Every structure is written in C-alpha cells, then in structure tokens.
Amino acid sequence: MARFLILAFAAALLAGCVEGYKLVSPERTRVVNAFSVVPQTSWNRSIHGRVESWTLDGPGLQELRFVAGLDNGDRLFPTRGFAEPAKEAPAFRDTMTPIEIAEFVAASYSQAGAHEFRTRNLRPAKFGPDDGFRFDFSFATEGGLEWDGFAVGIVRSKRLYLAQFSAIRLHFFERDREAVERLVGTIRWET
Amino acid sequence: MRQGIRARCAVAALVGLLLALGGCVQSSFTTTDKLQRRAADLRIVLMPIDVTLAEVTTGGNLEANAEWTASGRQHLTSALGEFLDQRNVRTVAYREPVSDPDRARFHTQIVKLHSAVGRSILRHQYQQSPAVLPTKKDRFDWSLGPQVGALGTEYSADYALFVHVEDSYASEGRVAAQVVVAILFGVVMPGGVQVGFASLVDLKTGEIVWFNRLLRREGDLRQPDPARETVRALMDKFPT
Amino acid sequence: MKPASPGVAVLALLALAACQQPATSPTLAIAAAEATRPASAGPPIAMPSLAPDGGAIAHLKPAERPPISSDEAGLWLLSDKYEDQLRTSGSMVRDPALNDYVKGVVCRLAGAYCGDIRVYLVRRPGMNASMVPNGTMAVWTGLLLRARNEAQLATILAHEIGHYLRRHGVQAMRDARDKSAAALFFSVGFGVVGVPAAGDLVALGLVGSMYAFSRDNEREADDIGIRIMARAGYDPREAAKVWANLIAEVKNDEESKDRAIFFATHPEREERLETLAALAESLLPAVAEPRLGRAEHEAAIGPHRLGFLIDELQHRRYARLEPLLGMLAADGFRTGEVRYAEGEMYRLRGKEGDDAKALAAYEAAEVSGGAPAELYRSAGLVRLRQGDRAKAVSAFARYLELLPDATDREMIRMMMAQPTS
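Protein chains in written order, with numbering that gives the first Met the number 0: chain B, 0 to 190; chain U, 0 to 239; chain V, 0 to 420.
FYI, nobody ran anything at the bench for these hints, they're computed from the structure. Worth double-checking, as some hints may not be accurate.
As the list claims (entries may be wrong) - The calculated label-pair distances, taken between Cβ atoms and stated as ranges, are:
| id | chain 1 | residue 1 | chain 2 | residue 2 | range |
| --- | --- | --- | --- | --- | --- |
| 1 | V | Lys250 | B | Arg181 | 50 to 56 angstroms |
| 2 | B | Trp188 | V | Gln385 | 28 to 34 angstroms |
| 3 | V | Asp99 | B | Leu22 | 53 to 59 angstroms |
Quantities reported herein were computed from a predicted structural model and do not represent experimental measurements. Cβ coordinates follow ideal geometry from the N, Cα and C atoms, glycine included.
Chain B on its own, in the form it takes in the complex (with noise of 0.2 angstroms):
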C-alpha cells in the first residue's frame, strides 16, 4: 500500500468523506482543551483528536494546523483508516531541540510526499506567554504547486504543541499571513 500521501489534504481527505466542518467564530475559542485562541474572522474546524486543521477556503488551498499535544514516540501526521502506520516515518522525541523539531516537520512532510521542503529562519519566539520557537518553511506538492508557511511551537511538560500555518505561495499565503500571525499571537493556556 502506498505510503504516498498529499499533506495539504490530509486532515480533510476524509474529511471530506467522513466528517464534517464546523463554525469558528471570531471569539476566544479552545483548542483541543489545551489553549485557546482569537481569531478576528471566521474559520471552519476539523477535529481529529489532539489535531485540529482550521481553513477558510478548503485544506487545498490553506491550513493553519493546531497540533496540541505530540507524546514521546508520536507521528506529526496521524495514520488512518486505510493508511498503514508509516514504519519509518519519524517521531517526536520530547527530548528533542527546536533545531530537531524542526528536522522532525520537514521529514514527515518529506515523507508525505512535499518535495524540497526546506525550512528557514529558525528562532526564539513565544508561544503564549512562554518562550518557544518558530520556523519558515517552503515546498512543491507533487501537483507542482509551491507552497509556504510558518510554524510557532513549544514543548512543555514534554508534550510538543505547535501552530502551522501553510497555504499556496500564489494568491493564499500573503493574504492570510497576517490574520494568522495575528491569531497565534492571542494563544493563552487553558490547562
């Protein structure tokens, strides 16, 4: 069984099958009870366990990606239904650095299938009130569109949280980015 996944779809390929996407209104809202945030517009949510994938225009297009609790030994992309665990796809070590973490996005991003995922400007950055990290990141979708985006995270209690956002580079990504900085911006702790 193929191991070949399309990223941008992933949340919602069955999504789009299966479940479906509610209401985020523009008010302090939790994610997946782990903190919460404000956004300033409406956004639509789907859920899958401690994964939450937010979109305006449909995970195709762009997706800010919650990620609220990686454990030692977890995949960032969770397996499915029909979708054999990947053996080697790599997993979180709660002992990793940023720089790691880092490594650890591109590869399962690699591994899903983006090409020539590069990640950039790696730094110190706050997630919430605490200090945490953030990276650039760029890729192609075997479709041949290029994509780029961001990711802010941090690890705490040993448990890795993360808020990514990526979109398509033409149109998406510089129309959206300052609505999502914005947004991670107003991360406030719930637990």
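Fit chains U and V to the known structure of chain B by using the hints.
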C-alpha cells in the same frame, strides 16, 4: 494510492448524493449578472479545455478512449464557441508561451491554482457535500488573486474561462449487465457519469464570478448535437 | 477530480492526430544506431531478432504511434497526461547540465530512437527509472546517486529502453486494466507507472507485484539492455555490479517487507547476476574500448550529490543507507560529504551507541574535507545529547564562524547561552 482513493471517494460521495437527491440540486453560482467589459467587445481567453472520455467496461473499469476524447474535445470546443458567439463574446484561445519558460511556469501555476480552487469549490461550497464549509453558506467568494491580471494584459481579455469535463460511457456489455442487475435486485448501477465544472475568472481581480458544476448521468460528447446539449448544461446561468 | 492539465489537450490532440509514420524497417533502425558507434569499434554486436511478434505486441519502430482507434491509443492518451503532470510536477529537477548529461547517455544508448524519448529527472530517493509507451522516461535522482560511473547508469537506462522497445509497458498496462487498476495506473505520485513511489524494488522487477513486469519481460529487458550498453561502447561487466550493489543494500534492510518478498520469491536474482556476467563476457570482445565513464559521471553529479544524500536521510531509510554509504565512502569521491551523511544517519537514528558513531563519522568528514558547515551544528547537537556542554558550545561556535549569516543563528546563540532548553 491515496490520491486515487481520495479522488474516487470524493467522486463517489458526490455521485451518491446526486443519485440520492435525484439530480435536482443547485449547481451554479454567480456573483454578477452582467460581465464587465474593458472595450466594446467582451473578450474571454479560453483556457485549454481539459477533457477525458472513457468507457466503462463490463467489469466496471474506466478505459480512456483516445478517439472519443479527440472527437469529444472537438465537439465541446466548437459547441462552446457557438454558445459564446451567440452571446456576442469574443474568445481567444490560450497558447502556452513555449519561447518564455519563466512566463510558461507562471501561467502553469495559475492554471494549477485554478484547479486547486475548483476542487475546493466542488468539495466545500455545495451544501449537500459532507465537507461543506460553514463559512461558505450563503456566500460564494473565491479568487485566484490579482496576479492573474498578467493574463488579462497579455490577451487584452476581461475574463478567462476554464472548462474541465470527465465523461464515461457504459459499454454494451455494461448496459446489458445493468439491465440484469436491475431486474434481479431492483437496483440501478451507475452506467456512466458526466462530471465537470466550468468557471469564469475576472482577470482584473482574480475573482471567480461564475462557477458551474456538472454532475449527471446523461450527456454525450461523442456527437455534435448531444455535445451542444452538454455545453448548455455546463454553461448553466452563464452571465452576459 | 483530475487536476486540469493545461497542455494535455493540445499535446494529446497533436499526438493522436499525427499520422502514423511510414514504417521503418527494424534493420534500418539498427543500421542507424550502428552508424553512431565509434569508428574503431569491433564487429557489430548481435541483437536479438527484432522482427515483429506474430500479432500481439510488435517491436517498436522509430517515431511509430498507434492508430487512434486502437486501445493502445487510449494508453498513449494516459501516457501523455502522465507526461504533462510529470513535466510540471514539484519534483522536477531542471538543472540543464545534469539533464544534458542523462539525456546524452540515453541518446548514446537509444540510437535511432533517441528522438522519441524525453527524459525527466525526478528528485526522489530510491533507485528507479521508468518509461511509458509514449517515450516519457523518468529517472530518479536516487539512481544517479547509486550509479558509481556512467556505465552503471547506462545499465539501468538501457534496461528501461529494452522494456520500451519491446512495448512491455503496453502489455503491463493491458494486464493492469484487466485487473481493474487502470485508473490508478498513471499517477505522478506513483513516480513510476503504476508502482508506489516507495517501492523501487518493485519497479526494478526485483519484487513481484500486480504492476511489475513479468519475469520473462525482465529477462528480455536485461538481455537487450546489456547489448545496447555494449553497442554504445560501455563496459558490459558493470551491469552485474549494479544489481549486486543493490542486493547488498537491500540485504541489510531486515525489517523491510519488500526485502522479505525479494528474497523469498526471487531465487532468480542469482540467475540474473550469472546471466548478466556471462553475457558481458561474451559481448566484451566486440567492445573496442570498454568505457566506465567514472570521471564524467562524477563531474556531472558531483555538485548535486550531497543533496541526493540528504533526500535519502530525510526518508530515514537507515538500513539501506548504511551499506550504501559504506560503498560510496570506499570510492574516495567527495568522501567528506559521504562521512557527513554517515554522521547524520547515526545522529538521526539515535540507537544505543549511535552518538559515538556519529561523532566518529563527523571527525572523519572533517579530516577528508568538503563537508558542509552544518557538520558542526550536528556535532554540537550530539554533544548536547551526551551532556558535554563545553564541546557543544565550541562546535556551535565553529558553525557560526563558518556561516555567520545562518538563518538559525539566533537559535544557536540562545542554545550556546543556555544549552539545556
């Protein structure tokens, strides 16, 4: 493999819904009643029509048929030309700028972006879809962004029209099998499906001002007259 | 939904509308290919009979296209769409020099058929190359990495050309179509016609699958391939070496599903090596100056090889990498990069004892020279893991010294100030 499953799953979901609802569902969206013109003539650049005609064999496989596809594309193109002529629209065919690879790559990104947006519309805009986005309820706001203006300047065109059609036809064996199944089980197997979409993009803003989904069990692109009928269905509520 | 392919309408229409070229006799094709051989070559190399089969799948003639009403034309239609997706895919390698090098090898091998073949380099780890009936050839960068000289690259490309000339792909597609797999058969995501991207063993016919060529087809492609190689002046003894190296690589991958199947169901791999070796010996006298082309190969892929190694690392196939890196290090070509990759492999794998192995590899890389500055960043990370703060800080310092504009310099400085984060 995932891509195949995703595509089939999405199509199966759409087809299933359509069959369940008997085919009487809204399929087109328009953001405007009248198209804007930059000059006296309305000019539309016709992007390369993506057409595939396939045969559904007895076993239920899809077999791409080159002859049908070639003639289907011809009939679709000329029927489309007629349709737009009747509405006083000048069309100019898109030509890939082979001598300018950078510009060709940029155009390719636009076309790919449009495919991605088109797929998102099909999957998330329609109220009957399981993946409908709540924010799209009572709204149709999709755009490829202002960078498509480059196409408008190059072709002196106001709009770009994209058309994508996939047609499958049941072979003789399949039709016979269908009848048998219907008699034995009281169930109708889909014998062939016509799936596609057409969209009109405002080249000044990148906004999709008209979009129509085609999803039905009849239609035939292999002959000129039925092809005209398909075009009428495809261009439903096209604004002029 | 299939993505709208902009050029496919035009391309497919042109392809299908083209009149079938007047048939060129197979012997003329060979004569044309013969004409491109170096003048000092020995007697002509015997090719297997190229007369068309009785009806089924005929041998391919140059510039030949199937009539539009045939089922094969439908397969070409899909081939054209596949090519269009491939050409604009995110995995294309566009570097002109590298493309010219590979295309040059293909043309040397394909002779009269050179004009019918379009070569696309795909950035992907794993040893793979493939052709589809309309002449599209995809070559993975993992193959460029593993070929140690031009003759070894030619081995695999000639093998694929063999499949193409005998139209095995058409046969395979008809079989797949009968097994309800046609819709999935053409997908750029598969990398190879009908074969999952991760399965390079499947693609090379070493593991059976519903998408692979039959064993007879594989034998035929081997046979034609090595003759084409020899006729083009390459040393045919390299053919068996390529397969032997791949077997050595795979043998190490004890957990791989593919490996289990590979060793269980293909005792013929021994037969294959023996056949290739015997053929090579019989063809050798006819090759005037058997070429390895090691310098040309190293010059062409040199600037790109570290990138290809990093691709393999990203896919974390440690069991395949260990023997491969060992072989590459022995070549003595850009050893610093190979040792650095070895260090990265151990660092990322992180099993008991790997930290020490990683540091040893980084040290070897330093001695050889030519490793990237990231070597020191990686060494610093390993030192941190070992709790050796002083050495970590000095490694990070060296990294920043070499790359003062590193985009992660803020993070590194922060870690140097407080390494225990």
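Right, here's what the structure says about each hint:
no.	hint	verdict
1	V:Lys250 with B:Arg181: 50 to 56 angstroms	55 angstroms, holds
2	B:Trp188 with V:Gln385: 28 to 34 angstroms	33 angstroms, holds
3	V:Asp99 with B:Leu22: 53 to 59 angstroms	55 angstroms, holds
Hint compliance for this structure: no hint is broken.
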